[in-house]
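In case you want the letters, here they are:
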Amino acid sequence: MSEDLIRSARFRAEREADWKRLQEIVTKAEKRGVRRLSFEEARDLAILYRQAVNSLSVAREISLDRALLDYLDALCARAYLAVYAPQETLAGVVWRFFARGCPQAMRRSGWHLLLSLFALSLGVVAGWLLFITDPSWWNSFIPGDLGGGRGPGASTQQLLDVIYGDGQESGSQLAAFATYLFSHNVRIAIFCFALGILACIPSFVLAVYNGIILGLFLALHFDRGIGWDLVGWLSIHGVTELAAIVIACAGGFRLGWAVIFPGNLTRRDQLRRHGRDAAKLAVLAAIMLLVAGILEGFFRQLVQDMETRLIVGWGIGLLWLLWILLAGRGSTAERRDEQRGAHAHYGGNDRLGEDAA
Amino acid sequence: MTDATTTPNGASPAPPKQSRRQRRRQRPSKVTSRRMMPEHLLPDFIPPEGVPLRFTVAGVGARLGAQLTDILITAGFVLGIILLVLLLRVELGDGWSILFSILFLFIRAPYYILTELLWNGQTLGKKITGLRVISATGGSLEAHSVVVRNLMKEMEIFVPGTYLIMAPTLDGLTYVIVLLWIAILLIVPLTNKRRQRMGDMVANTVVIHHPRAVMAPDLTAKVPAHSETAERYPFQSHQLDHYGRYELQTLERVLQAGPPYSGPDAKRRHEQSLQTIMGKILAKIDYPEKVPEADALAFLQAFYKAQRAYLESRRLFGDAREDKFHKEENGKAE
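Quick note, the sequences are listed as chains P and G, same order.
When we follow our numbering, the leftmost residue of the first sequence carries the number 338, and every step to the right adds one.
When we follow our numbering, the leftmost residue of the second sequence carries the number 4, and every step to the right adds one.
Simulated from the structure, these hints should not be mistaken for laboratory data.
There may be inaccurate statements among the hints.
Stated by the list, open to error - Calculated lysine-lysine pairs in the DSBU-like style (CA-CA distance at most 35 Å, straight line): (1) K270(G) x K357(P); (2) K365(P) x K327(G); (3) K225(G) x K196(G).
Stated by the list, open to error - Computed spacing ranges between beta-carbons, pair by pair: (4) T177(G) x I469(P): 30 to 38 Å; (5) I49(G) x S458(P): 47 to 55 Å; (6) G600(P) x I105(G): 40 to 48 Å; (7) Y264(G) x V431(P): 51 to 59 Å; (8) L87(G) x D355(P): 26 to 34 Å; (9) R397(P) x A224(G): 33 to 41 Å; (10) D642(P) x L189(G): 36 to 44 Å; (11) R524(P) x G62(G): 47 to 55 Å.
Said to hold, decoys possible - Output of the computed footprint for chain P on chain G, the stretches with three or more beta carbons under 8 Å from beta carbons of chain P: (12) 128-134; (13) 156-166; (14) 235-245; (15) 250-258; (16) 315-328.
Glycine included, C-beta positions come from ideal geometry on N, C-alpha and C.
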């Protein structure tokens, strides 16, 4: 029978059973996940995939059988997707992020964080000075609803009411305000990060703008002699929230840095390299904003005392700082590993067996 | 100086004419080879095994479809939860705004990140439309890439989308800026071969159609060497010198199309096209005998086998024939 066939048909007939078996395993892996394969199936998947890729390479040279080439192309592509599926669990990804990836990325972005902090401080000073020169600057910088009825025209008692208002009476109003502020700052953070790609400038401007708003608020309240009450009111969530904006902005600066100073790489490659850390910064900023939203929604009205507010707010800030400074200080080799993003390049096969076993 | 610039100009008329003629001669083969290449093939995708794999890049339309499906699914999910809360008559009070903001936050970037991480580059919408995100490097899809492409999605889809919904409340200038923004974002994927949006470029990912593997039978197996068909239609090597890979595979496609047929009409049309093809081949290769039209299928099967065996063996000797113009091309090369 086999002499009947031409060479490429013989090639196909000899291997067809293996391909069918590979197809079965791949279909199973696609439906239920590689993790659910038995040990034999996982082992065969790896071996048969390599063989199929090898056959594809040979078939492209010797065979003109379109049916075969199309089939092998699709089969190898599907098997590739099954073999090189991410092997990490979700919990593993999250743990890696918090234990190593994120604090290390933060420590590598020291200069960018400083620059972004500088932009914010610049804004605060500017806002303060503006208010001292002429309080009407308030209206040109602060959008109507963000002030929540506060402004140079409000009485000191009104300002204090906002700061120490009990939750019950102004509950729904506060909830709405909380969500607004939350989304306002989230938007600022997103813009700070994503616009950083345009050579840092928009991020810098946004950070300064945010600083000006803060400076105006501070100047207004200190002017009335209730500055520390505002600081307490802001601290409880503001430490986390402003830190988040600084971090998002630093992420933007890293992207912008790659665009301005690509070094020996092309801009696209340098962007990808810096994007690795920048993305971690952005995710951290998002998480911190979420925490800030929770602090603002629940704790700000629960904790009425100024000192406690200061302690809680700055205490949480200190915790963030300690985590960033201390976490993920493993061996140098490990750190270098992380920097290269070496986790991505573990071959699927080597770990498949372990998983199945 | 002026002399140097004018002389080539004066002498130029002859060479362009020649090159145009050359171009005309090349044109047919170029057209056929372009026709053979499926249009949106992912270029240079090489897995660690070193053998290039072929993936079909998903077009902008398919991806918009998947995106819309995802938005519908997530919006339905939020509606479902709200209905559930209403049906169970849970007193939420202030909780509503918190529930809303958490749900709306979740169905943006987090939903896409989680689903693409858990299902190897497929959200529910992509599963339904048969798309998948893969890493353009040929390695496995990293958590980092998934996060980056979906964070950028925030800038590329959700923020302009929200502005578009708010359109009636926007002033003229903002409206124009938003429209410009959306136009640029839609154009970016059309300007590169991999149809990457900006998030894909930064994350180094590509969206592809999930491949489907269907094994069609080997046509040569239908004509055993010492069978009646093979002996009834012998071919000489000079008769097999006319065609190349393209014609062979076109013939294969036609032969694979039949039976089973979808209806009597399809059967008639297929038989007709087989007869037409047979007529053309008989004329081209100058086949000495007459073949009755009813035997078109058997003849073409025999011809296919003989032609493929011949072309494949030529190929092994380094003479890969792309199409029926191979003689002209070889002649030109010599």
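Cross-check of the supplied hints:
1. The suggested pairing of K270(G) with K357(P) holds, with an alpha-carbon distance near 30 Å, which does not exceed 35 Å.
2. In summary, the hint linking K365(P) to K327(G) is not supported, as the alpha carbons are separated by about 43 Å, beyond the 35 Å threshold.
3. Proximity of K225(G) to K196(G) is assessed by CA-CA distance (about 40 Å); at most 35 Å being required, the pair is judged violated.
4. T177(G) and I469(P) have their C-beta atoms about 33 Å apart, which keeps the hinted 30 to 38 Å range intact.
5. Checked against the given bound of 47 to 55 Å, the beta carbons of I49(G) and S458(P), roughly 49 Å apart, stay inside it.
6. About 42 Å separates the C-beta atoms of G600(P) and I105(G), a value consistent with the hinted range of 40 to 48 Å.
7. Between Y264(G) and V431(P) the Cβ separation comes to about 55 Å, which falls inside the hinted range of 51 to 59 Å.
8. Hint check: L87(G) to D355(P), Cβ distance near 50 Å, so the stated range 26 to 34 Å is violated.
9. One distance hint, 33 to 41 Å for the beta-carbon pair R397(P) and A224(G), is violated here, with the actual separation near 21 Å.
10. Checking the proposed 36 to 44 Å range against D642(P) and L189(G) shows it is violated: the Cβ atoms sit about 54 Å from each other.
11. For the pair R524(P) and G62(G), the supplied restraint of 47 to 55 Å is violated, since their beta-carbon distance comes to about 31 Å.
12. Closer than 8 Å: that is the beta-carbon criterion, and the segment 128-134 of chain G has 0 residues meeting it against chain P, so the requirement of 3 is violated.
13. Coverage of a stretch by a chain is defined here by at least three residues with a beta carbon nearer than 8 Å to that chain's beta carbons; for the segment 156-166 of chain G and chain P the count is 3, and the condition holds.
14. Figure legend: the segment 235-245 of chain G, annotated as covered by chain P; annotation inconsistent (0 residues with Cβ-Cβ distances under 8 Å, at least 3 required).
15. For the segment 250-258 of chain G, the assignment as covered by chain P holds, since 4 residues bring a beta-carbon within under 8 Å of that chain's beta-carbons and 3 suffice.
16. Counting residues of the segment 315-328 of chain G whose CB lies closer than 8 Å to any CB of chain P gives 4, so the stated coverage by that chain holds, three being the minimum.
Comparing the model with each earlier hint shows violations of hints 2, 3, 8, 9, 10, 11, 12, 14; every other hint is respected.
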